[in-house]
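K.L.:
These protein sequence lines map, in sequence, to chains W and A. Every letter in the first sequence is one number past the one before it in the numbering used here, and letter 54, counting from 1, is 54. Every letter in the second sequence is one number past the one before it in the numbering used here, and letter 243, counting from 1, is 243.
Just so you know, the hints here were simulated from the structure itself, not pulled from any lab data. As the structure is a prediction and not an experimental result, all values here were calculated from the model. Be aware that one or more of the hints could be misleading.
Said to hold, decoys possible - Derived DMTMM-like pairs (lysine to aspartate or glutamate); straight-line CA-CA distance at most 25 Å: (1) A:K319 with A:D309; (2) W:K50 with A:E61; (3) W:K50 with A:D340; (4) A:K319 with A:E27; (5) W:K319 with W:E56; (6) W:K319 with W:E279; (7) A:K369 with A:D309; (8) W:K50 with W:D4; (9) A:K50 with W:E61; (10) W:K50 with W:E279; (11) A:K369 with A:D340; (12) A:K50 with W:D4.
2 protein chains.
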Amino acid sequence: MENDPRLTPLVRSLPASVPFVGPEAHERARGRPFRARLGANESLFGPSPKAIAAIEAAAPEAWKYGDSESHDLRAALARHHGCAPENILVGEGIDGLLGLTVRLFIGPGDVAVTSTGAYPTFNYHVAGFGGRIEAVPYTADHEDPERLMARARETGAKLVYLTNPDNPMGTWHDAGTIRDAVHAVPDGALLLLDEAYIELAPDSACPALPVDDPRVLRFRTFSKAHGLAGARVGYVIGEAGVISAFHRIRNHFGMSRISQAAALAALQDQEWLGHIRSEVAAARDRIAAIATQNGLTPIPSATNFVAIDCGSDGAFARKVLDGLMARGIFVRMPFVAPQDRCIRISAGRPADLDAFAEELPGALADARKV
Amino acid sequence: MENDPRLTPLVRSLPASVPFVGPEAHERARGRPFRARLGANESLFGPSPKAIAAIEAAAPEAWKYGDSESHDLRAALARHHGCAPENILVGEGIDGLLGLTVRLFIGPGDVAVTSTGAYPTFNYHVAGFGGRIEAVPYTADHEDPERLMARARETGAKLVYLTNPDNPMGTWHDAGTIRDAVHAVPDGALLLLDEAYIELAPDSACPALPVDDPRVLRFRTFSKAHGLAGARVGYVIGEAGVISAFHRIRNHFGMSRISQAAALAALQDQEWLGHIRSEVAAARDRIAAIATQNGLTPIPSATNFVAIDCGSDGAFARKVLDGLMARGIFVRMPFVAPQDRCIRISAGRPADLDAFAEELPGALADARKV
Numbered sequence: 001m002e003n004d005p006r007l008t009p010l011v012r013s014l015p016a017s018v019p020f021v022g023p024e025a026h027e028r029a030r031g032r033p034f035r036a037r038l039g040a041n042e043s044l045f046g047p048s049p050k051a052i053a054a055i056e057a058a059a060p061e062a063w064k065y066g067d068s069e070s071h072d073l074r075a076a077l078a079r080h081h082g083c084a085p086e087n088i089l090v091g092e093g094i095d096g097l098l099g100l101t102v103r104l105f106i107g108p109g110d111v112a113v114t115s116t117g118a119y120p121t122f123n124y125h126v127a128g129f130g131g132r133i134e135a136v137p138y139t140a141d142h143e144d145p146e147r148l149m150a151r152a153r154e155t156g157a158k159l160v161y162l163t164n165p166d167n168p169m170g171t172w173h174d175a176g177t178i179r180d181a182v183h184a185v186p187d188g189a190l191l192l193l194d195e196a197y198i199e200l201a202p203d204s205a206c207p208a209l210p211v212d213d214p215r216v217l218r219f220r221t222f223s224k225a226h227g228l229a230g231a232r233v234g235y236v237i238g239e240a241g242v243i244s245a246f247h248r249i250r251n252h253f254g255m256s257r258i259s260q261a262a263a264l265a266a267l268q269d270q271e272w273l274g275h276i277r278s279e280v281a282a283a284r285d286r287i288a289a290i291a292t293q294n295g296l297t298p299i300p301s302a303t304n305f306v307a308i309d310c311g312s313d314g315a316f317a318r319k320v321l322d323g324l325m326a327r328g329i330f331v332r333m334p335f336v337a338p339q340d341r342c343i344r345i346s347a348g349r350p351a352d353l354d355a356f357a358e359e360l361p362g363a364l365a366d367a368r369k370v
Numbered sequence: 001m002e003n004d005p006r007l008t009p010l011v012r013s014l015p016a017s018v019p020f021v022g023p024e025a026h027e028r029a030r031g032r033p034f035r036a037r038l039g040a041n042e043s044l045f046g047p048s049p050k051a052i053a054a055i056e057a058a059a060p061e062a063w064k065y066g067d068s069e070s071h072d073l074r075a076a077l078a079r080h081h082g083c084a085p086e087n088i089l090v091g092e093g094i095d096g097l098l099g100l101t102v103r104l105f106i107g108p109g110d111v112a113v114t115s116t117g118a119y120p121t122f123n124y125h126v127a128g129f130g131g132r133i134e135a136v137p138y139t140a141d142h143e144d145p146e147r148l149m150a151r152a153r154e155t156g157a158k159l160v161y162l163t164n165p166d167n168p169m170g171t172w173h174d175a176g177t178i179r180d181a182v183h184a185v186p187d188g189a190l191l192l193l194d195e196a197y198i199e200l201a202p203d204s205a206c207p208a209l210p211v212d213d214p215r216v217l218r219f220r221t222f223s224k225a226h227g228l229a230g231a232r233v234g235y236v237i238g239e240a241g242v243i244s245a246f247h248r249i250r251n252h253f254g255m256s257r258i259s260q261a262a263a264l265a266a267l268q269d270q271e272w273l274g275h276i277r278s279e280v281a282a283a284r285d286r287i288a289a290i291a292t293q294n295g296l297t298p299i300p301s302a303t304n305f306v307a308i309d310c311g312s313d314g315a316f317a318r319k320v321l322d323g324l325m326a327r328g329i330f331v332r333m334p335f336v337a338p339q340d341r342c343i344r345i346s347a348g349r350p351a352d353l354d355a356f357a358e359e360l361p362g363a364l365a366d367a368r369k370v
C-alpha cells in the first residue's frame, strides 16, 4: 500500500522520512540505554518542582478534557509578555504550531524561505502542504536575515523562517538585527521568528516588537528552558487578527489538561528559570572547556547546547558522533555543510558532562584512525 | 485581518466556527462553576489509580521528549488487540487522528460521507482540507450503514465515517452489521469506524475484523472508558500499509511523555475498566429512571451517556437544556432534527445524577411555560 491510490496526490508524493530519530529509538536499536542524553537539547536539570507538583495535582482530574481556550495559561502568558490574551495561541509544542502555521499560509507551490541546515521540521511541514523551500546559506555560522529577506523578495515567499538564537549552531543576533529583519519582511510575507531558546540568551537578543505588527509571529516553548519537552506546550505571539486565523483549523480540544497546568506553574516559577539559566551557562562553559582540552573549537552559544567544531569536514564529525553514540553518549550534529563539521552537545548535569568528557578522547582517536 | 490575503484561498473560505464550546468557557461566561459536568461524555469516575500513579511517576521526567514511536504503548496495544505494532498508530486523541486521516485522503473537492448530526469534528476537518461532506439521515435514531455506503457509491466518496456506538444518540449496531458495512465499502473508499465508546458497549457490538483489510480504520481512545480525556491519547488500528502513510505527515514528537505513560497504565488495568463498565451501566439505568420519572423517554445506550427524548421538537429540547445549564447542570444536545428533540446526559457519579434529578423538573416546567 506504499502508493495507495486513495491517498491525495500530494501525500503520495511525500517521502516516508522522519526529521529526527529519538533517543529511545536509538536505545532500542542498540539494545541498551545511553549513559548521557545530550542530543535533543532537553533540559536535563528538569522542570520546576512547582511544575512537577502541578502535574501531580492535575493527575486525578485527567478525566476532564483540557480547557479548549487554554484560558488560564494564555492569560498568564499575556501578563508575562505585556499583551492581550488575543495575541497568544497555545498549542502542542512549536512543532505542532509550525504545522498549523504552514497550513494557514502555504498552498501548493507557495514558497517558504529558510536557512540551509536550519530546523528540518519546518521544511517537513512545508513539503507536507505542497510548498517549496528556498534555502539560503548561513553566514559565518549565523542565520543571515538579510539573505533570507532578499530571497523572500526574489521568490515572492509567503513565509520566512528565522531562529534566534539559532539551532543547530547556537549563535544569535542582537535585538536590533531582528527588528531590522521584521522591517524588511516583504509585502505579502510573514516572518516566523522561532525563539525556542530565547530564555537562555542574553537579554540583548530579545527585541521588544510591537504586538500589533502583522509581519511577524514569535514562537516560544516550554520544552527548553522550562524543562517540559515531554508535556508538549508551545505558544505563538502575534497580531490578534493573525492569531485568530488559527482558530479556523486548530484542534480545539488538543491541549492536554495536565500540560496546561504544568506550563502555568513553570511560567510562574521565574526563580527556577533563573536557576536554569545559571546551570545552563555553567554547562556551556564546561562543554567549551572539554572541547578546548581536546583541541576542538566550541562555537559561542546562547542556547542550552554548544556546537563543537571538530576541525575537519562532515565525514570526520560524523565519525566522532558515531564514536560517541557507540560509547553511550547520545548527541546530534548539523545536517548540512559547512555546519556539519560540528557535533552538538546539550547542556547537561555535571555527571552527564563527565561522561561526555570521558568518552570524547576515545571517539576522537577512533575517528582519526579510520 | 479577518481576510488576511496571505492566508491560503482555502483557509480564507473557512468560517471561524468552533465545533464545541467547552465547559470551562461556559463557566467563565456564566461567572460560576457548574454543579455537575454531564455534557462532554467524560468519565466522571476518573482514570485508574494506576494511571494516576503513572502520571505522578512520569512528572519528574517531563523534561524528556516523549518516545516518537510510542513504542511501549503501541506494543501493549498490539498485544491487547492481537495484531502487530505496525497495525497501530498512537496520536493526540481521535480528534487529532481524524484530522490526520482527512489530510491523507481528502483533497479539494473530494467527498466524505457521514450521518446528518453525527460527530461535527469530522466535518470540521473535512471542510478544513477542502473536502465536501455528503450526509445521510439517521434511521430510527441509528446511523445507517446501508445508506452511508449507498451515498458513498453514488458520490465516489473517499471516506465514510461511521460511529459504533453512535454519538450523540448512544445507539449501536451488532458486529454483523458492521462487518457487512466493511464488505460494502466501495472501491477507492475507506471506512473510518469510530469506536470511541466501544469498551462500554456489549461485546456483541464489536466485530472481529481482519487487521489486514485495507478498507477500514478503527479509531479508539483513552478519553472515554479509560477516563483520560485530559491526557489526549487515541489510536488507530488498520492495515499496516494504510497506517504507515500517517508517518509521512504526523507530528512525530507530538505525543506527551506523561500521556503515553498514563495510557499504558490504564490499558494494563483491565480490572478498573470492568469497574467503570458497571458504574456506567448503573448510571445509564439511573439516567433512564430519572427521565421516565419526568415523563420523558430515554434512548437505549451502549455508551457513557443517555440521550433523553424530551417528547417535542428541537426548540423545546433547547429550552430544557438552557434551563439545566442555568441551574448549573452542564449537558449538551444533538445539533440536528429529528435527533435534536433529545438532550444528552453523561454517565455521572451518584451525586452528579442527584443534581440532575433535582434540577430536571424545574427546567422542564420552565420549558413548558415559555
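K.L.:
It remains to establish, for every hint, whether it holds in the given structure.
P.N.:
Hints and how they fare:
Among the hinted pairs, K319 of chain A with D309 of chain A is consistent with the structure: their alpha-carbon atoms are about 13 Å apart, no more than 25 Å. Annotation: proposed proximity of K50 of chain W to E61 of chain A holds, straight-line Cα distance about 14 Å (limit 25 Å). As the CA atoms of K50 of chain W and D340 of chain A are separated by approximately 45 Å, the hinted pair breaks the 25 Å bound. For the hint linking K319 of chain A to E27 of chain A, the alpha-carbon distance of about 19 Å falls within 25 Å, and the restraint holds.
At most 25 Å may separate the alpha-carbon atoms for a hinted pair to count; K319 of chain W and E56 of chain W exceed this at roughly 43 Å. For the hint linking K319 of chain W to E279 of chain W, the alpha-carbon distance of about 29 Å lies beyond 25 Å, and the restraint is violated. Using a Cα cut-off of 25 Å, the hinted pair K369 of chain A and D309 of chain A holds, with the two alpha carbons roughly 18 Å apart. The hinted pair formed by K50 of chain W and D4 of chain W fails the criterion: a straight-line CA distance of about 48 Å is larger than 25 Å.
Proximity of K50 of chain A to E61 of chain W is assessed by CA-CA distance (about 14 Å); at most 25 Å being required, the pair is judged to hold. Among the hinted pairs, K50 of chain W with E279 of chain W is consistent with the structure: their alpha-carbon atoms are about 18 Å apart, no more than 25 Å. A distance of roughly 20 Å separates the Cα atoms of K369 of chain A and D340 of chain A; the hinted pair therefore holds under the 25 Å criterion. For the given pair, K50 of chain A sits about 40 Å from D4 of chain W by alpha-carbon distance, which is inconsistent with the 25 Å threshold.
In summary, the numbered hints that this structure violates are 3, 5, 6, 8, 12.
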